[in-house]
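Chemist: Dock chain B against the given chain A, drawing on the hints supplied.
The primary structure of each chain is shown beneath.
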Amino acid sequence: MDGNVALGLLLAASGCAGIYLASPNQRWRAAPWPGRLARTVGVLLLVGGLAAFLQTLRPPAATFVFVHWLMLLFVLFPYLGALLAARRGRRS
Amino acid sequence: MRSEFIRIYKVVHTWTGIVAGMALFIAFYAGAITIFKEPLARWAAPPSAIHGTVLPLDEAPILIARTLQDHPAAAKDFRLHLKPAEHLPAGLTWEVHEEGADDHDHSSVRHYLATLEGGAAKVEETHPSSLAEFVDTLHRVVGLPVDSDPNRWIMGIIAALYAVALVSGVIVLLPSLVKDFFALRVGRNLKRMWLDAHNVVGIVSLPFHVVMALTAVVFAYHDGFYYIQDKLIHDGKWATAFSRGGGPSSAPPRDPVDMLPPAELLASAQALSPTFEPTSLQYLNVTGSRATVRVWGHDATAHSPRFMGGFVAVDPYSGKVMNADFLPGHQSAPNAVVGSFFALHFGTYGGTPVQWIYFILGVAGAWLFYGGNLLWVETRRIKAAREGEAAGIPPEQRRDVRGMAAATVGVCLGAVCGISLTIVAAKWLHGRVDDLDAWHQILYYAVFFGAIAWAFRVGAARSAVHLLWLAAALTFAIPATSLLAWLLPSLGMWAHGSAATLGVDATALAGGLGFVWMARATRQRVLNGPADSVWSARCNKSV
Numbered sequence: 001m002d003g004n005v006a007l008g009l010l011l012a013a014s015g016c017a018g019i020y021l022a023s024p025n026q027r028w029r030a031a032p033w034p035g036r037l038a039r040t041v042g043v044l045l046l047v048g049g050l051a052a053f054l055q056t057l058r059p060p061a062a063t064f065v066f067v068h069w070l071m072l073l074f075v076l077f078p079y080l081g082a083l084l085a086a087r088r089g090r091r092s
Numbered sequence: 001m002r003s004e005f006i007r008i009y010k011v012v013h014t015w016t017g018i019v020a021g022m023a024l025f026i027a028f029y030a031g032a033i034t035i036f037k038e039p040l041a042r043w044a045a046p047p048s049a050i051h052g053t054v055l056p057l058d059e060a061p062i063l064i065a066r067t068l069q070d071h072p073a074a075a076k077d078f079r080l081h082l083k084p085a086e087h088l089p090a091g092l093t094w095e096v097h098e099e100g101a102d103d104h105d106h107s108s109v110r111h112y113l114a115t116l117e118g119g120a121a122k123v124e125e126t127h128p129s130s131l132a133e134f135v136d137t138l139h140r141v142v143g144l145p146v147d148s149d150p151n152r153w154i155m156g157i158i159a160a161l162y163a164v165a166l167v168s169g170v171i172v173l174l175p176s177l178v179k180d181f182f183a184l185r186v187g188r189n190l191k192r193m194w195l196d197a198h199n200v201v202g203i204v205s206l207p208f209h210v211v212m213a214l215t216a217v218v219f220a221y222h223d224g225f226y227y228i229q230d231k232l233i234h235d236g237k238w239a240t241a242f243s244r245g246g247g248p249s250s251a252p253p254r255d256p257v258d259m260l261p262p263a264e265l266l267a268s269a270q271a272l273s274p275t276f277e278p279t280s281l282q283y284l285n286v287t288g289s290r291a292t293v294r295v296w297g298h299d300a301t302a303h304s305p306r307f308m309g310g311f312v313a314v315d316p317y318s319g320k321v322m323n324a325d326f327l328p329g330h331q332s333a334p335n336a337v338v339g340s341f342f343a344l345h346f347g348t349y350g351g352t353p354v355q356w357i358y359f360i361l362g363v364a365g366a367w368l369f370y371g372g373n374l375l376w377v378e379t380r381r382i383k384a385a386r387e388g389e390a391a392g393i394p395p396e397q398r399r400d401v402r403g404m405a406a407a408t409v410g411v412c413l414g415a416v417c418g419i420s421l422t423i424v425a426a427k428w429l430h431g432r433v434d435d436l437d438a439w440h441q442i443l444y445y446a447v448f449f450g451a452i453a454w455a456f457r458v459g460a461a462r463s464a465v466h467l468l469w470l471a472a473a474l475t476f477a478i479p480a481t482s483l484l485a486w487l488l489p490s491l492g493m494w495a496h497g498s499a500a501t502l503g504v505d506a507t508a509l510a511g512g513l514g515f516v517w518m519a520r521a522t523r524q525r526v527l528n529g530p531a532d533s534v535w536s537a538r539c540n541k542s543v
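If you read the sequences in order, they're chains A and B. The end of the first sequence is residue 92 by this note's numbering, with every number in the run present. The end of the second sequence is residue 543 by this note's numbering, with every number in the run present.
No wet-lab data here; the hints were simulated from the structure. You may find that some hints are simply not true.
[What the hints assert, rightly or not] One side of the interface only, derived from the structure: several residues of chain A facing chain B at Cβ under 8 Å:
1) M1
2) L9
3) L10
4) L11
5) L21
6) S23
7) N25
8) W28
9) A30
10) L54
11) Q55
12) T56
13) A61
14) M71
15) A82
16) A85
This structure is a prediction, so every number in the text was calculated from the model and none was measured. Even glycine gets a Cβ: it sits at the ideal position worked out from N, Cα and C.
This is chain A alone, in the form it adopts within the complex:
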């Protein structure tokens, strides 16, 4: 995999995680991260991810990869949260 694409995927994933953790509906932690700060850092990481994609990919392809990666992560994160919450529930 191209290094810039790998970096873009990583930065965007980190940004999505920050945005998800700032949501009051997140289930990864007992309490959400401070909303404004986590969202701001998340958005900056997303911008960094898109910029990394643009180093290798042409703008339409970079945008498509970016948007689909975001959709995938934002679908998976709540399911992962539900699994973690269920596991915590069983333990307690």
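Modeler: Using the frame of chain A, we list chain B on its own:
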């Protein structure tokens, strides 16, 4: 928004979803697998001396000349593959379509191969595995056996209902969209849980689904669109103007011996785009006045307008570039926009990472439709009046709800089981049956209809557990078959060692583990969950 409007949209969403949901499940599950159509075709291809290698480019001109000397009809459309793969032969290939057959129907196509043998062209009919094509057909026409006009029109209706379901679903969700974004509440309120599980996928991947729905409608009715365009704009002359041969010509036939060697044609294409990786050369009408070679290939940095990638059209006699409208990254703005819709449907950009993203979004899409039906069933559940009453004689569930639950389990898990079995059959039945293509269909539909019959016979709860275990066993059989073929070559099967084919086995292994997890969780719920539900063994009844 007024609540009565929301209620109307909810009814629209429910019924469009219910009518189209199961067909869409098959389309999405088969579509997710079709993203890896080439690895699947490679996995299913039996080993042979002429497959898995490429013809040296310097031998291509003489093979082309000798082949066209003996088989002039092949000049209309033949192909030279440039990348080694288990399913691609080292030679020239072409197809002959049955008279009157639909262009999209691959079941009636005859395949031919020309190779060099002692300086002469040896032409033979080949029978490549139709497995990957069959799974793609299931995807394209929502589980129907043949990609024909009527079946595509049915698919178009399903896709249109899908689009309506998406729009109405978003409207229903608008009042609570912000508050419930990312919410997936797992608890005692099962209706809430299924609703959240459905909404998370539907809302977050909405752009993906909108593109899929709109492009599917266009794919279904494109012949009709072209016909109307032809009559209204081109006075019925479109086909003549854009045909590969360019219509009748008085020019004398050209001699293919005068064509430039493939290396020079490739150089013409790569001079335009260094990131373009050619995969094959498609020669069209090489003895005619509008002889063309399409240099097909991929470019991971740009979006490709076709599932096979993109191409640049080159004059095979002069090397002059005739058309770059389909070359990824070099299209005009209007072509790039149109091409982007194809690319967004096929996932033909960004290379392997995007293929995996599409695979998971496709499986998530299948889950969206399955979950929608579960929600419909849960919403109509008749609960015991008091806590503890269900421990006695649970209330009987409505017959239509039992029917919907059984149909959902039978159709969806039947398709999953059928696809796994037909994949396994590619190796087990090769060389043992006369018409393997027919057997792929027979096995798929036998399991598919058998699963539906079983679900209605024993009820949704029990059959869900049985069919999930069957799905696990048949999906595990995919890598197990490769392992067995490797351990016992005397069985006459094969196990290729390329990353693409090992990827098929590894993915099936992961899929099998997923089905085991689902079977165990479902069994737990069927045996120990609340009895006042179609998903309880105690309430379980045939329909």
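Chemist: Work down the list of hints and note, for each, if the structure agrees.
Modeler: Now for the hints, and whether the structure bears them out:
Using the Cβ-Cβ criterion of 8 Å, the hint placing M1 (chain A) at the interface with chain B is satisfied: the shortest such distance is roughly 6 Å. Checking L9 (chain A) against chain B: minimum C-beta separation of about 7 Å stays under 8 Å; hint holds. Proximity of L10 (chain A) to chain B is violated relative to the hint, the smallest CB-CB distance being about 11 Å (cut-off 8 Å). The beta carbon of L11 (chain A) comes no nearer than 14 Å to any beta carbon in chain B, farther than 8 Å, and the hint placing it at the interface is violated.
Interface restraint check for L21 (chain A): the shortest CB-CB distance to chain B comes to about 10 Å, outside 8 Å, so the restraint is violated. Proximity of S23 (chain A) to chain B holds as hinted, the smallest CB-CB distance being about 5 Å (cut-off 8 Å). Below 8 Å, beta-carbon pairs count as interface contacts, and N25 (chain A) has one with chain B at about 4 Å; its hint therefore holds. The closest approach between the C-beta of W28 (chain A) and any C-beta of chain B is roughly 11 Å, which is over the 8 Å cut-off, so the hint fails.
Interface restraint check for A30 (chain A): the shortest CB-CB distance to chain B comes to about 15 Å, outside 8 Å, so the restraint is violated. Taking 8 Å as the C-beta cut-off, the interface hint given for L54 (chain A) is violated, the closest approach to chain B being about 10 Å. Against a cut-off of 8 Å between C-beta atoms, the interface hint on Q55 (chain A) is violated, since the closest Cβ of chain B lies about 10 Å away. Interface hint status for T56 (chain A): upheld, as the beta-carbon distance to the closest one in chain B is roughly 6 Å, under 8 Å.
Hint on A61 (chain A) holds. Least Cβ distance to chain B is approximately 4 Å, under the 8 Å limit. Because the closest C-beta pair between M71 (chain A) and chain B is about 5 Å apart, less than 8 Å, the hint holds. This hint holds: A82 (chain A) has a C-beta 5 Å from the nearest C-beta of chain B, less than the 8 Å allowed. Nearest Cβ of chain B to the Cβ of A85 (chain A): about 6 Å, under the 8 Å cut. The hint holds.
Going through the hint list in order, the structure does not satisfy hints 3, 4, 5, 8, 9, 10, 11.
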